[in-house]
Every structure is written in C-alpha cells, then in structure tokens.
Amino acid sequence: MEAIDGRAPFIMIADGRGSLFVPSGLKDAPLPTHYEPVESPVRNPFYAQQDNPVAKKWEREGNPYHEVGDPRFPHVLTTYRLTEHHAGATPTRSVPHTAELQPEGFAEIPPELADQLGIETLDWVVLATARGEIETKALVTERLRPLEIDGRRIYQVGMPWHFGWIGYATGDIANVLTSVVGDPNTSMHENKALTCSLRAGRLPRPRRSAA
Amino acid sequence: MTAVHPRALEYVDSELDGVIPDESELTAGTRIEPGKSYGFFTDTTLCIGCKACEVACKEWNALPADDMRLTGMSYDNTGGLGANTWRHVAFIEQISRNGERATEMTPFQSNWLMMSDVCKHCGNAPCLEACPTGAIFRTEFDTVVVQQDICNGCGYCVPACPFSVVEVSLIDGKAHKCTLCYDRMKGGLEPACAKACPTDSIQFGELSDLQERAERRVDQLHGQGAASAYLYGAPGGPGATGGLERLHAFFLLTDEPEVYNLPEAPSRPANRVAPSLASGLATIAGLGLAAAALLAFAGRDER
Chain A
13 MEAIDGRAPF IMIADGRGSL FVPSGLKDAP LPTHYEPVES PVRNPFYAQQ
63 DNPVAKKWER EGNPYHEVGD PRFPHVLTTY RLTEHHAGAT PTRSVPHTAE
113 LQPEGFAEIP PELADQLGIE TLDWVVLATA RGEIETKALV TERLRPLEID
163 GRRIYQVGMP WHFGWIGYAT GDIANVLTSV VGDPNTSMHE NKALTCSLRA
213 GRLPRPRRSA A
Chain B
17 MTAVHPRALE YVDSELDGVI PDESELTAGT RIEPGKSYGF FTDTTLCIGC
67 KACEVACKEW NALPADDMRL TGMSYDNTGG LGANTWRHVA FIEQISRNGE
117 RATEMTPFQS NWLMMSDVCK HCGNAPCLEA CPTGAIFRTE FDTVVVQQDI
167 CNGCGYCVPA CPFSVVEVSL IDGKAHKCTL CYDRMKGGLE PACAKACPTD
217 SIQFGELSDL QERAERRVDQ LHGQGAASAY LYGAPGGPGA TGGLERLHAF
267 FLLTDEPEVY NLPEAPSRPA NRVAPSLASG LATIAGLGLA AAALLAFAGR
317 DER
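Protein chains in written order, with the working numbering: chain A, 13 to 223; chain B, 17 to 319.
Bound-form chain A, shown alone:
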C-alpha cells in the first residue's frame, strides 16, 4: 500500500482527507445545534430536545446517569489533562523530573463554592456521582468562573483525570466518577461535562494491615 500524502493527514480515512460534509455514514450532523450534556444541571434553554437523541448510552448497573437538575449532584464536573503529564500520565508520573511538577491529584474549586463548604486549598474533599466517590485535595482558584444560567448560579469543579496509585505522582482516579456516554459518530465519552456533588472531608478507607 502506498503511503498517504503528507498533506492528507486523516490516516483513518481512505483518501486521507477530512470532510465538512460526507455522503453517508454519519449518525449525527451535519448541521450544528445545541444539546445539553446527558448530565446537566439545567433544561436546554435553546429548545425542547434536552440532549442528543442519538448519543450512545449504556444504561446498566454501575453506569447510572443523573437526572437533569438532580439536587443531589448540583455542580458541574469537568475533567482534563495537565500540560506536565503525557496522555494517561503513565510515562510522566513514573519519571521523577516530570512527576515533581504535578505530584498529586487535586480538584479545582471556585472560591465562592469553597467558602460555602468551608474548604481551603490543600484540604481533603470528596467528589461523588451516582457511579462512585473519590477523595482528593482542593485547589481553590478564581480561574473557574461561576456560571449564571436561568437566574441560577452554578459552579464548575475541575479535575485532572490522569492520576492513579502507581508512580511518584499519585492521586485518586477521576474515571471512578465519570459516566459512559458515547458521541454518536466517534463513541468518544462525554467526560468534559458531568454533574457531581462536593463535600469537605475524606473517605473511610480500609486500614492497611501492619507489615
């Protein structure tokens, strides 16, 4: 097989080119619209269709979804990577020179929400969804702006997802919280927009047996 021209970088497509419009195969699109994420604190203010009708859902045990505006999970949760870590951070958490740059997991919390819950930077906090709960350290920051939607103030909580308990840089794992919802075309999971609850404190952990 001949190599695809370097100017055609879409290696998963036969002609190597991306398209704005395709003749067939798309399960969603081509025209853009606004759907709320499957988990959202608000009704879709744009029109009646709340979320994507063709999103891939796996409704089964261990993967429950939150109802729209579920009062148990009032905050928006978003997950992301840090510049200091590569991919799932398996390579960079195991190398001292990169691990020390972001050495522990944390959740970023806006100052208004932190005040309400009595949380200060470096305090332990518990994040919970219907899927599970984790504990991590708080980083209070104004970089997370509160959202004013429909007369309500809604807070976002952010969390880097690429921690774990192997290597020098460690922390609880954000994927315990996330749901499995797939984009109709790519099946990419909707892990940038979820809802969650937040409280100060730690999780009860089984005591380690004396070595």
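If you're looking for bench data, these hints aren't it; they were derived computationally from the structure.
Mixed in with the good hints, there may be bad ones.
Now the in silico label distances, taken between C-beta atoms and shown as ranges [what the hints assert, rightly or not]:
1) B:Ile187 / A:Gly81: 52 to 58 Å
2) A:Phe33 / B:Gln240: 35 to 41 Å
3) A:Asp127 / B:Met84: 25 to 31 Å
These numbers were taken from a predicted model, which means no experiment stands behind them.
Even for Gly, the Cβ is constructed at its ideal location relative to N, Cα and C.
Got chain A sorted already, so can you dock chain B onto it with the hints?
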C-alpha cells in the same frame, strides 16, 4: 588499533567531531566566544508555563527531583529556586480586578502571570563578593559559577544573594546554583533551558544584543497597548539598583516586581559594610568615653 563501533565506519567522511561546532549559532543565533558577556532575556509575556526549562535544566545538570508534594500555589509545585532547582516557573493568578470577579478574559494569559525565574548572574555579584574561598568566580563568559570542589560550605553566599538564589545543598553541604550551563557554553551550546523553551520566552545571547532585543519588545508591547510592560534588571532600570549594575538574566514584566517575588530595589550587602563599620566604631568609642567618665567619677568618690 582502537575499537570502533561498526556503525562509526559509515560516517568516515563526516567532519563532525562528536558535536556540531558552535551549535549555538544554529539554535540561538549567537556564537559563544570567551571574553564576551552572555545572559538570558526572559520575556514573561511569552511564557506558557510548560516548565520545559525546569525539566531540561534538571536533566542536563543531573539535579535530583525533590520535595515532591502539592504546594497549593496554583500550578507551581516547585516553590522556588534552590540547590536542586535552578529554573523555577512561578504561576501568579491575578483574575480578580479591584475585588470584582472578572467575567471576561484579560490580556496576557488571562492574567495568570507565568515567569521562569533563574540566577540573575549579577554584574556585581554579591555571592561572589561574599565567598571567602574563591569557590565562586566570574567565568570567561562573564557569568557567575560556584566550584563545588573548592566550596567549603560556609554559606556566606546564601544571605548575600539579594534574590535568594544560591543555597547550600543538604546532599553534599556545598553551595549550588545555575551555572548558565558553563559546561555547555564551553562546548558552543546554548544553555539547556533556553534551547528547550518552545516560545522563546527564554532567550540566550550576548548581553548587548539581548538588551536591544528587549527594548524593541517593550516598544512593540507599548505600541499594542500594553503600557505596563517594562524591563527588570536592564542597566539603570529597576532590579539593577544598589550597585548590582545590571542583571545578566533580566526579565520583561507586566506588573510590580514584588508580584513576581522579586525585590523592588535589590542592593549589594557590601554597600552596607562601611556604614555598619562606622557605626560599630562609633559605638566602641562612645562606650570607651562612658567607661572613662565612670572611672573618673568613681575615683573622685574614693577620695
């Protein structure tokens, strides 16, 4: 006959002697020659906070990772410069304006100020002046380097530094700090941090070139409406006060020096030797006079 790896025979025509000679000409646009002054110009408006400089520095200089914990100071988990950390990227969050929660993005990293700090290689280096053993010396590239094989670990250089750069290592008991990659410069290579910087926030070069370049950049930023841009450590400017003359590692900042944890008006401790000596002598003279007066008084009483 010396043992030669078979792959080496494939390059018999190569004129390269191991490394590219004067590589700095290719990577930094400057040839490194003894007798000239070199330094860093760190333009904080270009810093994206990737910390590549920190990693490149530690890799090249074989410095250990240390103090591995979350500091809580934004994304800065390095904390500051020290014996094992010769580049430090500060992250300063200035999102609120006059106590109001900002709702729109402001220029320059949405006011998340990032700055890669380093040893300033002062024109009149107080650490060098304080060193009693001669371990700290000025190199042929007009930079300041500590020789650990001569250092006796007295630590006089530590409080002498107006920028809190040099530190005595707990590992070997000797003073350590940035060498401006003295070993790389000897081989014609630009320092590791400047080479690794992806946005040219850290620029290495001949000091006079850098100062011209920095002034042009300040003019450009002023022209774009960023009136707060200024140079810290350029001759005659803030940071180059108190007899320091100039900083060989100087910075373009957009807020007060203290915001970046830099002193507003650093000075040489040597400036304070004469006044303190004079006041010490005056105290001794005064006490002597008082003692003489008391003795005279006591002597009169006994009579």
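Hints versus structure:
1. With their beta carbons about 56 Å apart, Ile187 of chain B and Gly81 of chain A fall inside the hinted range of 52 to 58 Å.
2. A C-beta distance of roughly 39 Å is found between Phe33 of chain A and Gln240 of chain B, which places it inside the suggested range of 35 to 41 Å.
3. Here the CB-CB span from Asp127 of chain A to Met84 of chain B is close to 30 Å, well matched to the stated 25 to 31 Å.
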